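Colleague: The primary structure of each chain is shown beneath.
2 protein chains.
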Amino acid sequence: MGYGAVTEKIILELAEIAGASHVWTTEEKREACSRDETTTLRPEERFMPDVVVAPSSAREVSEILQTANKYKIPVTPRGGGTGLSGGALALRGGIVISDERLNRIIEIDEENMAVVTEPGVITSEINAAAAEKGLAYTGYPMSVLSCHIGGNVAENAGGGNAVKYGVTMRYVLGLEVVLPTGEILTLGGKLMKDVSGYSLKELFVGSEGTLGYVTKIILRLQPLMRNRAALLALFADTAGAIAAVPRMMARGGLIPSSIEYIDAYCYVKACEFLNEELPTEGVGAVLLVEVDGSDQDALDNDIERAGELLKAGGASEIYVADTRFTRERIWAVRRNIDEALRVTDPVQTDEDIVVPISKIPDIARGLKEMERRFGVRAANFGHAGDGNLHPTFLKPTDMMMERWQSVETEIEWELFRMTAELGGVISGEHGIGSKRKKYFAELCPRENLELMKKIKKALDPNNIMNPGKIFDL
Amino acid sequence: MGYGAVTEKIILELAEIAGASHVWTTEEKREACSRDETTTLRPEERFMPDVVVAPSSAREVSEILQTANKYKIPVTPRGGGTGLSGGALALRGGIVISDERLNRIIEIDEENMAVVTEPGVITSEINAAAAEKGLAYTGYPMSVLSCHIGGNVAENAGGGNAVKYGVTMRYVLGLEVVLPTGEILTLGGKLMKDVSGYSLKELFVGSEGTLGYVTKIILRLQPLMRNRAALLALFADTAGAIAAVPRMMARGGLIPSSIEYIDAYCYVKACEFLNEELPTEGVGAVLLVEVDGSDQDALDNDIERAGELLKAGGASEIYVADTRFTRERIWAVRRNIDEALRVTDPVQTDEDIVVPISKIPDIARGLKEMERRFGVRAANFGHAGDGNLHPTFLKPTDMMMERWQSVETEIEWELFRMTAELGGVISGEHGIGSKRKKYFAELCPRENLELMKKIKKALDPNNIMNPGKIFDL
Chain A
1 MGYGAVTEKI ILELAEIAGA SHVWTTEEKR EACSRDETTT LRPEERFMPD
51 VVVAPSSARE VSEILQTANK YKIPVTPRGG GTGLSGGALA LRGGIVISDE
101 RLNRIIEIDE ENMAVVTEPG VITSEINAAA AEKGLAYTGY PMSVLSCHIG
151 GNVAENAGGG NAVKYGVTMR YVLGLEVVLP TGEILTLGGK LMKDVSGYSL
201 KELFVGSEGT LGYVTKIILR LQPLMRNRAA LLALFADTAG AIAAVPRMMA
251 RGGLIPSSIE YIDAYCYVKA CEFLNEELPT EGVGAVLLVE VDGSDQDALD
301 NDIERAGELL KAGGASEIYV ADTRFTRERI WAVRRNIDEA LRVTDPVQTD
351 EDIVVPISKI PDIARGLKEM ERRFGVRAAN FGHAGDGNLH PTFLKPTDMM
401 MERWQSVETE IEWELFRMTA ELGGVISGEH GIGSKRKKYF AELCPRENLE
451 LMKKIKKALD PNNIMNPGKI FDL
Chain B
1 MGYGAVTEKI ILELAEIAGA SHVWTTEEKR EACSRDETTT LRPEERFMPD
51 VVVAPSSARE VSEILQTANK YKIPVTPRGG GTGLSGGALA LRGGIVISDE
101 RLNRIIEIDE ENMAVVTEPG VITSEINAAA AEKGLAYTGY PMSVLSCHIG
151 GNVAENAGGG NAVKYGVTMR YVLGLEVVLP TGEILTLGGK LMKDVSGYSL
201 KELFVGSEGT LGYVTKIILR LQPLMRNRAA LLALFADTAG AIAAVPRMMA
251 RGGLIPSSIE YIDAYCYVKA CEFLNEELPT EGVGAVLLVE VDGSDQDALD
301 NDIERAGELL KAGGASEIYV ADTRFTRERI WAVRRNIDEA LRVTDPVQTD
351 EDIVVPISKI PDIARGLKEM ERRFGVRAAN FGHAGDGNLH PTFLKPTDMM
401 MERWQSVETE IEWELFRMTA ELGGVISGEH GIGSKRKKYF AELCPRENLE
451 LMKKIKKALD PNNIMNPGKI FDL
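Going line by line, the protein sequences match chains A and B.
With UniProt numbering as the guide, the letters of the first sequence map in order to residues 1 to 473.
With UniProt numbering as the guide, the letters of the second sequence map in order to residues 1 to 473.
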């Protein structure tokens, strides 16, 4: 598909729509929009848009998209730029629509337990505003302090609380979306149920900005759980740790707010990085379990039961963290894995597979096998409660970069094929984006891919919205 | 669009696919598939299919749909026939695909907390099978004892527990769907997260059988909550009762498993019908609140707090039901409203609107106004916790049937316009079907409707799947 060039005339049209001071063609601004946090991007890689525009209303977005559609200019929506799959990269140049001026929390509606927000708000700000009214947005991802809520919707973000609270989609009650052809859709509302026609709202959630630009979001809020307690359970191996998960949930009747899995390598690395003196000898796998609630007695009860169930499930040691300080300490281990790994192994690729929970030990075994075969380290951690793992492959320092780049692709193929064979998928919360597109093209069933393409073509006949993401047309 | 006739040749083809003994053209079988439970169907109304076929596999469904698509024969999927919006009516004759042979629970997977089932299983049977392993399917609707799970998926069914547990969509982890053109799609799996491509699974949930035929369903299960307690709170009026709901949830931090609203008329009628001696004097509205949990102490605590919050919110009297017997007694009041109303007012139309919770009192006021204007009774009850109401308009015994039929349409227009003005939609859990199609065509924003039609045409080019439901092409 041939795209048009961003001419002086088009830039003038954009300036007329959004105001000249909200349209940038400077190197500096374009450069700032040329990357995201995808680990496989080489340091020198840049995807420079021709122009960046920051509209302030759905109407302006609609006019920008109509202009882009008329001249066949690719459009890349950009939020916080914290994505891990290249979703915000302007692969084919063109226009980046920045959400920096669509950054208001419009309303916290206490009575209907909902927030109405624009897409450019940092997710943690929504939680701060909700907390003032005793409410919380529980669908947030791990990057809550820097990601934008619009990006969360585009990627259907998950996170560490999904085992109890689910992912972004569960909380999206309403959306205002501008289609690539300029129509402004209002979907849903402050409504907890809605079966009036097809699930259009859900179609946009997780579509990675390829079907439209979201200009307003209504999210369901929950009562703020004021109390939480966590524990760290040490196991001899992954199989034992994972077997303890259904024991706790299905048989124990307990749904913790987090069940995080950390393999021995990540655990040791993070402890070293933090100068944390937790025992590491004989530890083959670790679970970090957190429970939350509004009633302190019930919570004490829950954490005690969780401990008993994990002990009965084979945990060798359990550290309960029931103060804010001790909780921060054990969460620091989980949160600093990425950074700890980077100290000694700066070149890596982080993955985002999902498998049925019972298959996590198969993945762990498969990773060990891959380590031997490819001569690389496969660090593994993730959300055990929902089967979403982030295996991270580390380039050995003595491996040449050229060799690594070909090994990396082989490794990813191997991991994704194994995941598919175990009934899993190649992304649970980071998205396909441009990073995983070639794998998705092979592993997604042909009929499913055809259906996605039909929908894409029906909504975006000129393929201007975030082209080259998820699949190529 | 011209449809083909069901010829002898086509019936032979169907017999070859599904076996001659699973293809029926008898008056009796066709008649059994000619109605559902939509209240506005006249007693004599029938929508007779030409032929009923009961396939036993996705492969057979695919061949049936390929045959239907080749000869342009309309196809109507049929489950338990308990729908309330005419979704299972063969409006244009043709083929009914019955799910009576797709009726196996394939697997209860305890480790992954999931059930794999065919669509023709009665929803309560899934719960019975799950309960044996300490698990529960919590997305079920009020008709759980007679509806089929396939119908629940088609309608994205809600129910009395949605305030805490959400509706069907939240629990659908995977689907096998046959497209109208015969392709068999496998979507999702035993996976708690999945952002690998568009949300296709969600597109089929709630599409009322117009986009494909579901042949397999994977549902998420939850730990079975073994304890529950309920209370009945009496209020002087609806505004007071509804104001108590956010007080309990947002400020009290308590999410009950049910918050049911019953207006004074329904309450008195149901008490009379049951010979139940609850006080009715001065009662303007009633809330039935149920909490569930696995820990009895926490539950006792919750029901006590719920009582306190409702009392502080203006409840004049509160009856706590903490034994199975007393719980059954107060739930009987809620469950018997329909039947109680039918004793004295057999001709009625039941609705299914959703509004933001805070707007329930506006609906109550609007209904009073409508009673005066149209000279009919507007009984009102529903799920206060999620804003989903079932206003039921009753034909006065002395009103002529012809007059009622025109009044009924006027009433529905009035109710739906009022709902839309309050930010609501015309169906929360029953669906649009054929019953609400004419209203939906007017009240659904044009752009949304166009998008739905584009999707429908992309998936079903000959419009054979359940034609005439939700919208006309």
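If you are wondering where the hints come from, they were derived from the structure by calculation, not from laboratory data.
Some hints here could point you the wrong way.
Said to hold, decoys possible - Straight-line Cα separation of at most 30 Å, DSS-like style, residue types lysine-lysine; simulated pairs:
| no. | chain 1 | residue 1 | chain 2 | residue 2 |
| --- | --- | --- | --- | --- |
| 1 | A | 70 | A | 311 |
| 2 | A | 164 | B | 133 |
| 3 | A | 453 | B | 457 |
| 4 | A | 437 | B | 457 |
| 5 | B | 133 | A | 453 |
| 6 | B | 437 | B | 453 |
| 7 | B | 457 | B | 70 |
| 8 | A | 164 | A | 133 |
| 9 | B | 29 | B | 437 |
| 10 | B | 72 | A | 457 |
| 11 | B | 454 | A | 437 |
| 12 | A | 457 | A | 437 |
| 13 | A | 437 | B | 453 |
| 14 | B | 438 | B | 368 |
| 15 | A | 454 | B | 453 |
| 16 | A | 72 | B | 457 |
| 17 | A | 368 | A | 437 |
| 18 | B | 368 | A | 457 |
| 19 | B | 454 | B | 437 |
| 20 | A | 72 | A | 164 |
| 21 | B | 454 | A | 453 |
| 22 | A | 454 | B | 133 |
| 23 | B | 457 | A | 438 |
| 24 | A | 453 | B | 437 |
| 25 | B | 164 | A | 164 |
| 26 | A | 454 | B | 70 |
Remember, predicted model here, so these are calculated numbers, not experimental data.
Colleague: The structure should be examined with respect to each hint, and the outcome stated for every one.
Modeller: Here is how each hint holds up against the structure:
{"no.": "1", "hint": "A:70 to A:311", "verdict": "64 Å, violated"}
{"no.": "2", "hint": "A:164 to B:133", "verdict": "20 Å, holds"}
{"no.": "3", "hint": "A:453 to B:457", "verdict": "14 Å, holds"}
{"no.": "4", "hint": "A:437 to B:457", "verdict": "27 Å, holds"}
{"no.": "5", "hint": "B:133 to A:453", "verdict": "41 Å, violated"}
{"no.": "6", "hint": "B:437 to B:453", "verdict": "13 Å, holds"}
{"no.": "7", "hint": "B:457 to B:70", "verdict": "16 Å, holds"}
{"no.": "8", "hint": "A:164 to A:133", "verdict": "22 Å, holds"}
{"no.": "9", "hint": "B:29 to B:437", "verdict": "27 Å, holds"}
{"no.": "10", "hint": "B:72 to A:457", "verdict": "25 Å, holds"}
{"no.": "11", "hint": "B:454 to A:437", "verdict": "26 Å, holds"}
{"no.": "12", "hint": "A:457 to A:437", "verdict": "18 Å, holds"}
{"no.": "13", "hint": "A:437 to B:453", "verdict": "29 Å, holds"}
{"no.": "14", "hint": "B:438 to B:368", "verdict": "25 Å, holds"}
{"no.": "15", "hint": "A:454 to B:453", "verdict": "13 Å, holds"}
{"no.": "16", "hint": "A:72 to B:457", "verdict": "25 Å, holds"}
{"no.": "17", "hint": "A:368 to A:437", "verdict": "26 Å, holds"}
{"no.": "18", "hint": "B:368 to A:457", "verdict": "48 Å, violated"}
{"no.": "19", "hint": "B:454 to B:437", "verdict": "17 Å, holds"}
{"no.": "20", "hint": "A:72 to A:164", "verdict": "44 Å, violated"}
{"no.": "21", "hint": "B:454 to A:453", "verdict": "13 Å, holds"}
{"no.": "22", "hint": "A:454 to B:133", "verdict": "42 Å, violated"}
{"no.": "23", "hint": "B:457 to A:438", "verdict": "29 Å, holds"}
{"no.": "24", "hint": "A:453 to B:437", "verdict": "29 Å, holds"}
{"no.": "25", "hint": "B:164 to A:164", "verdict": "12 Å, holds"}
{"no.": "26", "hint": "A:454 to B:70", "verdict": "21 Å, holds"}
Of the numbered hints listed earlier, those contradicted by the structure are 1, 5, 18, 20, 22.
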